[in-house]
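Q: Please model the complete structure; the sequences and the hints are all you need to start from.
So the chains spell out like this:
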Amino acid sequence: MQSLVGVLFDGFAYGMLLFLLSVGLSVTLGMMNFVNLAHCSFAMVGGYATVSFMNRLGWPFFAALAAAFVVAAAVAVVLERTLYRRLYRASDLDQCLFTIGIVFISVAAFAFFYTTELQSARVPEYLRGAVQIMGINFAAYRIFLVAVSLAMAVLLIFLLERTQFGATVRAAVDNQRMARGLGIDVDRAFMITFALGGGLAGLGGGLAVEFVGLEPTFALTYLVYVLIVVAVGGLGSIGGSFVAAAVLGISDMAGKYFFPWLGAFLIYLVMVALLMWRPAGLFGKR
Amino acid sequence: MLRKLAVVTTAAAALLAAASVHAQTVKIGIILPYTGQFADGATQLDNAIKLYVKQNGETVAGRKLEFVRKDTGGIAPDVAKRLAQELVVRDQVDILAGFLLTPNALAAGDVSAEAKKFMVVMNAATSIITTKSDYMARTSLTTPQVNESLGAWAATKGGIKKVYTMVSDYGPGHDGEQGFINGFKGAGGEVIGSVRFPVANPDFAAFVQRAKDLNPEAIYIWVPGGAQPAAIGKALAERGIDARKTKVLSQLELTDESARKAMGDAALGIITGAHYDPEHKSARNQAFVKAYVAEYKRSPNFFSMGGYDGMHLIYEALKKTGGKTDGAALIGAAKGMAWESPRGPISIDPETRDIIQTVYIQRVEKVGGENVNVEVDKVEKVKDPVKVRMMKK
Amino acid sequence: MVAQDISLALPKGVRHALIGPNGAGKTTLINLLTGMLQPDRGDIFLSEERVTALRPEARVRRGLARTFQINTLFPKLTALESVTLAVLEREGHAHNWWRGLPRFGASADEAAAILASLNLAGTENRPTHELPYGQQRLLEIALALATRPRVLLLDEPAAGVPKDESAGIFGAIAGLSSDLTILFIEHDMDVVFRFASRILVMVGGSILVEGTPEEISRDAQVREVYLGKAHRG
Amino acid sequence: MANASSTAARYFEGQVRWRPLEIVFWLAALLPFVVTPAYLSLASQVAITALFALSLDLLVGYAGLVSLGHAAFFGLGAYSAGLLAKHFWNEPLSGLIVAAALAGIVGYLLSHIIVRFRHLTLIMLTLGIGLLLHEVANSATWLTGGADGLQGVKVTSVLGFRFDLYGRTAYSYSLATLFVCFLVARRIVHSPFGLALRGIRENALRMPALGAPNQAHLRKAYALSAAMAGVAGALLTHTTSTVSLEVLSFGRSADVLVILILGGAGRLYGGILGAIIYMVARDQFSGINPQYWYFWIGLLLVAVVMFLPNGILGGLSALYKKSE
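Going line by line, the protein sequences match chains P, Y, L and R.
Residue numbering for the first sequence follows my numbering, starting at 1 and increasing by one per position.
Residue numbering for the second sequence follows my numbering, starting at 1 and increasing by one per position.
Residue numbering for the third sequence follows my numbering, starting at 1 and increasing by one per position.
Residue numbering for the fourth sequence follows my numbering, starting at 1 and increasing by one per position.
Don't read these hints as lab results, they were simulated from the structure.
Honestly, I wouldn't trust all of these hints.
[Said to hold, decoys possible] With a straight-line Cα cutoff of 30 Å, these simulated BS3-like cross-link-like pairs (lysine-lysine) come out:
1. Y:K393 with R:K86
2. Y:K116 with R:K154
3. Y:K132 with R:K154
4. Y:K381 with Y:K157
A: What follows is the structure, given as structure tokens:
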């Protein structure tokens, strides 16, 4: 029995990584109805920033992660202010084409500057190996990842539910025209939310280096998983992304443990089933 | 009218091709997945090609070499076949080389056969590849060659009775498992269970836990290179499998440099069957590694070795034919050729045109504070067992 | 409760006006009749046939058509294309993907005739979104007519149209064939009294009273609901 | 009323008539035989991708259903043609028909699930189904050959013309099939069914109020589009005698959607133009710079969106209207 708990925890940790990578996209897609397929490129920015800060500048792991958040958020804002803003009224097909173009550019750029080699970031010693809790083996790094993700989720929900800024964002989500009518600076809300989403993705990218490995095609490989979490969770819903990421992570891991021959099918079967049951997503509004 | 016009232009193209034979340059077309999921393997292989040319000069048997590089973007046999056709028809290449991935090598093999072009496979490891064209030679490995040797060694000198296998659920993974099992059972071993995990998913905790629950004497693992060796290595550590107690066996990818760096001490004790390791103790290898690191700031791996030896084969074949580049001459020269490669003594089997080489059995041990693959045993002059059996039938 | 215990009959060929204050449930009634909404209880009959369980498109095929209060048209299609589409759907040709539209000249002609009958003749090849608002309201009716309905439900056909143009719209409605049963929602009382042969007054989700224009104008309750409020206001 | 009837019928005839530009386009498609004889195998694969994009255009451009898993039917066609050639007979033309039928049937069956959804849910369902089919093909190694691809597929010739190294037969075969399928697509688009599809895309709410069974129409559109994608897949198998899991991959579904949007959806020629530009650009960029060509393709996509909204054809027709 203990081994099962250990495995399900690993699935939950994997889900938490997906949560960090996808929550930003769920909010920007839900709020601004902007199809940003390049969201995982921000995760790569964060990942490579972490690697550079640690390996080239010798920063400790946590400082590098914080830097990853800031750098990714900055890149997100720059892109939003310069290019994305001109496409808010474009058709969603054009938004797809534009953001896939950004993904292609980012893949080539990171391959050029960081070569195609698998990156590694020396995690502090105490985050390596396993920790014994009640006789069950838990990976130290995964505990850390879960902790960071939970903290981010709580912070995000507090920020949106309890603060004035959160109110303006939620207003802009529900009805952009109305929010503008009430004098809410919707553009500023977009920019900050975009930065927040990008930053979280960057943090996710930084944590992913040691978890699933980082190389230039990361943005393409994880685009599929992030879209699944966003669709299943429901647009614009942080809780939705959280639950969807957890459910997908755990069911994927449990499936592999109980019926391994079903391995790769399971996550897609779970997705299709959930989407057919709740087309607007678990907590989707639209 | 159109039909006639088309024929005329093709005749013209053919004439051009004939003329170029006497021209000075030998054109070599290199097909590799420079982009996509396998880009790093292509980079490591292409680096070795460039290094060999830098070391040995661009002129062979009085003729200058010219390279045309084409990207398949990953597993894309339709693209690989078209690129091979274009290299033959449009660029008039004399030699086709590269081929990191099996589906692409199989597709280009048809073009080598039809156009009678000498083709050197520098990595793709499925056995049947060299049967696709009589003008094709391979300088990397075949999956059964390494895994059967490892399996036979495990059941004999390795002293292992029962093994549990865990492999990636796709072609190369199945070949590796089959190879190991042939060798292991052939030498009296017993397989107590097996599981296959999806190619795409990088998280192995559940599978490793299943293996741990059975608490087997030994586990055989096959994973593709790249991010997965590190991931499964960490999963082994996290799930509490110590490779020094439960014997862990695999093909060389599992303990390549980046995987060992990521795993740390969890890698200690892992046994792998390998045809090449950058730490191989030979003067020729140390010179090769030093030159490679100086040039590219990272150490070579078995992809590089396949490329380096592939170029050596091309150079020597051209020397032997005095610069003649027709397929029959070059493959004739290549057959039976033997030389001392940085990995050790290798030769090209005259019947199957595949590589004959030494398979090293190595275990990860701490040497001078560093976890490295230490050679514990070796099996010499190993031919590809699958084609050997096919010959006997 | 938006609409409750309503029982009404629309005799064949009669022009009914459905009036009532905003929020009385008029549009909801139309949505119930057309199948856009399912009633909790009760049945809807089209002549003898029970249609309560039928999907909207099936009711249309049985001759129950409607227009929408807010234009629900095909922006990039032209008027002729839109009406031809409706005619082809009615004739069951819409599943035909192997014969070109020119081979369906008869349906195109019928569509052109419908457009002409609503004096929309000149609009053949301009996309709908470029048409003036008044003509778009007429196109709503043309689309409904293309299904050759037995019962036509018009949801504020002249909504948003200036006074002088709405007369044209109602003139066109009046010109429709006499055996067509019509129920139209309208707020302008003199239009109602001029064009309706019977009037239904709906308040708070149920039918208050039903009768000829004369009866309604004299009815105390109606005056209280409509005029009364005006007096006391 | 007399002139009303003639103008109505003539209106639709005007729509269906071939524009001179179209005729010039299809004649130009014959140029590669003469102008670039060494690029015929590339031209053949461009024609195949154009056909695949055309089949997607029926869905995205006309029925308004965006799919991110259309490679499922391309792959179904490719594998059925491959298995037919390997185990039964390798006459290609009948192979196309079998591939179209199989892909069409599977498309029709799946459409019962897919057409009930919209927007992101629809896209993710098509993605999910595409990935599931890819996994099925990977695990059914005994049938599909798994990751190494289907071995033993030998399609040597079509109507007696051998598939040679120069790609002459391949391009003629692919171009002819593309043209025939294009005529079918053109007929579909200008048929009553095509008009109904455009109605659904323009206003799905109004159609039931006109008696239109939206779901039935969309299911048929999905089946027709799947059949045509199956033909494209079979063409690739016949002209290259290779079939691998890549024909079912997410990458191929994403590429064809990018190609269609690049060219401009909803105009029949968008997919074809997109295929030409995208694949020729990719071939040239990757020829110059095998490792980093993604950068230039990315730049091309961004530029098209910035300067030619709604794809190249969309942008050009807007510029053309503005200049009028």
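Q: Determine for every hint whether it applies to the structure shown.
A: Hint check results:
1. About 24 Å separates the Cα atoms of K393 (chain Y) and K86 (chain R), which keeps this hinted pair within 30 Å; it holds.
2. Between the alpha carbons of K116 (chain Y) and K154 (chain R) the distance comes to roughly 18 Å, so the proposed pair stays at or under 30 Å and holds.
3. Using a Cα cut-off of 30 Å, the hinted pair K132 (chain Y) and K154 (chain R) holds, with the two alpha carbons roughly 12 Å apart.
4. A threshold of 30 Å between alpha carbons decides the hint, and for K381 (chain Y) with K157 (chain Y) the separation of about 18 Å falls inside it, so the pair holds.
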